[in-house]
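**Q** Sequence:
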Amino acid sequence: MKKVACWLLLILFTVSCSKIFDVEDPFRKGLVSFGERPYYQNNHIVFSGRIQYGITGKPADIEYEVKEGSRVIASGKVRADNDQTGLKIIFESDLEDVYVPQDTYGGKKIVVFLDPDLKLVAEEYLDGSEVYQTDTLLIPYMW
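Reading the sequence shown from the start, the letters are residues 4 to 146 in the working numbering.
Be aware that one or more of the hints could be misleading.
Unchecked claim - Straight-line distance between alpha carbons at most 27 Å, and here's what the computed DSS-like set of lysine-lysine pairs gives:
| hint | residue 1 | residue 2 |
| --- | --- | --- |
| 1 | 80 | 70 |
| 2 | 112 | 70 |
| 3 | 70 | 111 |
| 4 | 91 | 80 |
| 5 | 80 | 122 |
Unchecked claim - Ranges between beta-carbon positions, derived for each pair:
| hint | residue 1 | residue 2 | range |
| --- | --- | --- | --- |
| 6 | 39 | 146 | 21 to 29 Å |
| 7 | 46 | 126 | 35 to 43 Å |
| 8 | 31 | 78 | 19 to 27 Å |
| 9 | 82 | 57 | 16 to 24 Å |
Honestly, the hints are just simulated from the structure, not real lab data. Even glycine gets a Cβ: it sits at the ideal position worked out from N, Cα and C.
Please take these sequences and the hints and turn them into a complete structure.
**A** Here you go:
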């Protein structure tokens, strides 16, 4: 019984220290980008997310926001778990489609932003990350 209590205390201490000192998993950060660049089709914006690690990594949930100006139209997560190389370096999500009605947003610029809080972006990619993580679409007018 004492062994179990000691192990539980050790686990609790380890978890507490990682929370206090904000220890991050080095394998969860990389270059976040689009796998399939966003395109507009039948009132939907379609895209996929990708994360590329410098060394072996793991699947990740990539958050996204779809915005018109500063207004968030939609947000969610895509699960990048399709191993593109077999080496666990590049993971891509399935296609995501977000409803953006043409009668409401026709003629407007819509921005798709992956990982807006930069939770998955490695430090070396922070400068200029918007180049890889954002794409702007002009929604066609409805006739």
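**Q** Honestly, which of those hints from before does the structure not fit?
**A** Structure breaks no hint.
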